[in-house]
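Mapping to our numbering: the sequence shown position 245 is 245, numbers consecutive.
Don't take each hint at face value.
Here are the simulated BS3-like cross-link-like pairs (lysine-lysine), alpha carbons at most 30 Å apart as the crow flies [what the hints assert, rightly or not]:
#, residue 1, residue 2
1, 100, 84
2, 53, 88
3, 100, 88
4, 70, 59
5, 130, 158
6, 225, 130
7, 53, 126
8, 158, 171
9, 62, 79
Note that these hints are calculated values from the structure, not bench results. In this text the structure is predicted, and so the values were computed from the model without any measurement.
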Amino acid sequence: MLNYILKRIFQSFIVVILIIITTFVLMNVIPGNAATAMMGEKTNIHIQERVVKELGLDKPVKERFIDYVKDLSKGDLGKSIVMKRPVKDMIFEVFPNTLKLTATSLIFAWSFGILSGLISARYHNKILDKIFSTISILGISAPTFFIAIILQYFFAFKLKLFPISGFGKLKQLVLPSIVLGWAMAGEISRLLRANLLENMESDFLDLARIKGRKKWAVLIFHTLKISMLPVVTIMILQLASLLGGAMITESIFGIPGIGTLSISALTNRDLPVIQATVLLGSFLIILGNLISDILYFLIDPRIRLR
1 MLNYILKRIF QSFIVVILII ITTFVLMNVI PGNAATAMMG EKTNIHIQER VVKELGLDKP
61 VKERFIDYVK DLSKGDLGKS IVMKRPVKDM IFEVFPNTLK LTATSLIFAW SFGILSGLIS
121 ARYHNKILDK IFSTISILGI SAPTFFIAII LQYFFAFKLK LFPISGFGKL KQLVLPSIVL
181 GWAMAGEISR LLRANLLENM ESDFLDLARI KGRKKWAVLI FHTLKISMLP VVTIMILQLA
241 SLLGGAMITE SIFGIPGIGT LSISALTNRD LPVIQATVLL GSFLIILGNL ISDILYFLID
301 PRIRLR
């Protein structure tokens, strides 16, 4: 087990190095230079020269890459050209807000997704199955901004049950958490429902039925465990993919998080901030894959045997 975990950690480390190299290369193949890309070609030449010096673009590429890696090893993500502040401080300020939104979204997505999948499988082709299947499909197919606008209109504007925007109170997290977690809940529900229906016909469940166990008991204590293997992978990967979905949700609900910071950096062409948020998003995806593989190894004995 330890060898497998160490092997996966080593592979993830190699991928992180490749991402760092790729990010650096992409930031340095912009036509002209980063200063021109941020400020435009019509900006005063003296201002451009000052920004070039601040970014270290007057140095050779090899020297810039070495400095970039050294700064990363120290936790230095550079300085924002627009805000004149360390990027690390800017990320640390807003990242807790994204974590709160992520946590509440995952609680909703995972709990509702599993519950919906169980109910749909238990009442296959009945009215409850059709209701929860429709909710799941709607969450998967409808764009995030559309769901956000609909929920804001009915539950915030019309019924006034929740704030229409803002951040800080638990009540303000309800609508954005549903918006961000609805699609994930739909994916979990559909996948779990399909796996449960397939495994419910397995022969090994006959013993549990012969012992007189009720359908819900057989479904939860026997069928659910083996049906959760592919679902676990989706659930862990969703944790990493939340950063991309959070951009739209945070913007619509006025939440100061990583998504809002990324959009602001893209709008202002603040390349150091863009570079840092890309690295953070990539790292989260790699971490999600690593955790997923380790959990798969612990859950599925067939992988341990191989």
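Hint by hint, here is what the structure shows:
no., hint, verdict
1, 100 - 84, "holds, 27 Å"
2, 53 - 88, "holds, 20 Å"
3, 100 - 88, "holds, 19 Å"
4, 70 - 59, "holds, 15 Å"
5, 130 - 158, "holds, 28 Å"
6, 225 - 130, "holds, 24 Å"
7, 53 - 126, "violated, 68 Å"
8, 158 - 171, "holds, 16 Å"
9, 62 - 79, "holds, 20 Å"
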